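Participant: Next come the chains, spelled out residue by residue.
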Amino acid sequence: MKRSYRRSLALIFVAAFAAGAWWMRLPRSPVAARPAEGLGAVETTPHLSDPVLPEPTQVQPASRVPVVPVVPVVPVVPAPPPPAADPARAEQLRTKAEAALKKGELEEALEAFEKAVEADPFSASNHGDYGRLLRDLTAIDKALYHLRQAAELDPGNPDRWIDLANAYYLKPDPGKAWAAEKRAREAGPNLKLRRDRRGLLERADDPEPAGE
Amino acid sequence: MKSEFGSTALLSAFALVALAVPAGAFDPCPASAPTCTEYTGAGKDGSFFRISMPENWDGDVVIYNHGFDLNQKHIRGHETCENNGALHCEADADCGSGNACNEISYSGLDALLLPKGKAVAATTYSDTGWAPFHSAKNIKEILKFMKKEPTIGKPTRVIITGHSGGGAVTADATLNLKIDGAVIMCGAVAGGLPTWDVAGDVRLVYDFLCDEVTGAKFSSAPDVGEVNSADSGADSIAMALKVNKCFGVMSPSADPTEAAAQAGRLEDFMALTKFTGTGMEALTAMGFATLGLGDFVRDPARLDGKHIGFNSVPDLDYSTMGTDPGLAAEYDAGVKRLTKGSGRKKLTKASYPDFTKGKGKKVAYPILSMAGAADWLVIPPFQSVYDRAAALGGKLLTQTWISSYGHCVFSEQETQALFEEYFAWLDSTDQVTSQPTPADLEAACLALPGGVDGDTCNFDTAFVNTNLDDRIPARSDWPPAAINP
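Chains as they are written, first to last, in this note's numbering: chain G, 1 to 212; chain L, 1 to 485.
Hints listed in this document are in silico derivations from the structure and should not be mistaken for laboratory results. It should be emphasised that the depicted structure is a prediction, and the values quoted were computed from it without experimental measurement. Each residue gets a CB set at the ideal place from its N, CA and C atoms; glycine is no exception.
With a Cα cut of at most 27 Å, we get these calculated DSS-like pairs of lysine-lysine: (1) L:178 to L:148; (2) G:115 to L:245; (3) L:349 to L:44; (4) L:217 to L:336; (5) L:178 to L:359; (6) L:154 to L:116; (7) L:345 to L:178; (8) G:103 to L:245; (9) L:346 to L:336; (10) L:217 to G:103; (11) L:395 to L:345; (12) L:44 to L:154; (13) L:362 to L:144; (14) L:137 to L:361; (15) L:395 to L:357; (16) L:178 to L:346; (17) G:96 to L:245; (18) L:44 to L:140; (19) G:182 to L:116; (20) L:217 to G:102; (21) G:102 to L:245.
To spell it out: a stretch of chain L is covered by chain G in this simulated footprint if at least three of its residues, at any positions, have a beta carbon under 8 Å from a beta carbon of chain G; those stretches are: (22) 65 to 72; (23) 103 to 110; (24) 233 to 246; (25) 249 to 263; (26) 408 to 422.
Model the full structure from these sequences, guided by the hints.
Facilitator: Shown next, in the form of structure tokens:
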């Protein structure tokens, strides 16, 4: 029984190896498909969660099969190809969203930001603005998704990492926040940070908010 | 042995391919322990777990428990897509546009503890939100796996830890599991009834102030809470928009009269609840009081719709609540009165801090706790309940306070000092004389690389806590430790 279990394991991982190699050749994420914008265009520092390739002698199994193996190792369906971008339409939608925000029309702002992200998923600003609004509306997981996208698209911009760190503090996942804060400091070596009244990070050179 | 080697070799080859993915992937091992071995799996109870083993394991495992999370899609395997648990992912991008890759996070503890030879593990729990109903079983699934897995084996010592709601799980583990240590971080440790009575009273204050405001009223009974859908983000947004209608915290009304009324209601909310957060944080607090409460009260596997309210017969006196006696008297006269709900007994059974009987009485290990002196969510009086329960049971507990604003805003150095001091205490032959003080933790923090007073080390050794009945009137069925002697 035990031997056949091991044989099955070996077969699963041979298949996994082959599928993994095939998977690497598929079109990847929007993030990988387009260069970063703005400050991050020439960014070369490693990503927050970039895997560090160990020396071959140090390689350990990334995953072993548990007692109840329920998680297939191989993706069943490949991710869809990156959608086409329409930056001009996205810009119109962002303008609409910002105007709605100014008028306090939060639902309209949310809808317009969401559509702006759909129109141009390669824009860090689209993801960043939408993510911050989601964060303020306490939708932290959705916010984290978009703030991660923003940071990956514009990794040289410390503000993207500050936003991400703050969302992780609100989660709360302090460990992830520390990692994002480190990336902010790497992106802006002279960056000075302080904490606001909510315990969130902000640039020390930002003006103090009124009433504090 | 040979066949074990065979599969390991294949696994390693696969690992090389898997590791070569582009940006956005999760690290299987932290940079501080690049040769760890990671195990992932599922329990028979519906939970999922992740275990990371260091190269030179000393036999200890630290089980990390995450905070309160209403997202059902997080009860998935590590590195599987939130939109489809059958899909393996290394990064969000693997799950298609708009979908996240689920990570079972250790919140940085793997980087701190694996180099010390400690194994680190975490569970998703089988429940969303308030997890202590079944979290002890979820933790047992990890331990069962470790014991059965030939390449791991039974741990020598099991140390439980966690942030926030994970602190509640940790406190529960000290009372319901046979473990060897506990480190609590910003933990909601006051037990089921005191914790959720505070949330319930926040909701009652909101209803008192906002029920008549167009678009601000919650339709659910205050002691049953709101219905949670499969889209926790949409639920949160809908809740926040309602609260914004009443308080105008995100965007005040364009009508100056209504904007002034919104500001007035927020001021009254703060005065009655003694809420120490900002207006924006009132949104989050209301999320707990409505969606958080509804999640477990309505769940057939937890309270199955049984109410948990209790502020009448005899009517609780709210006339001294808060900071404005005139407003409190008005509130006392106008607050909704709720008869004792039948869900209170089950909530008590699931989480009740008492070290004078049962497994809690047998606790023979030290407990170290770090909490925020200015935490607006897990308020300091919650700690006073657990600390007093430990004192009543004669247990060794050191409570430390961090002065940073926010909820669980702890630095890496503060956290590292916490665990270093804890293991020194746990390993000592005389745990009474070696009990660390908050000043010891502060000194340990300052001695670490990057440890800076008032920046990365914010231990507040002078903080004096208050009792829970300083916030809301005590209920007669609370644990003795929650009632001011």
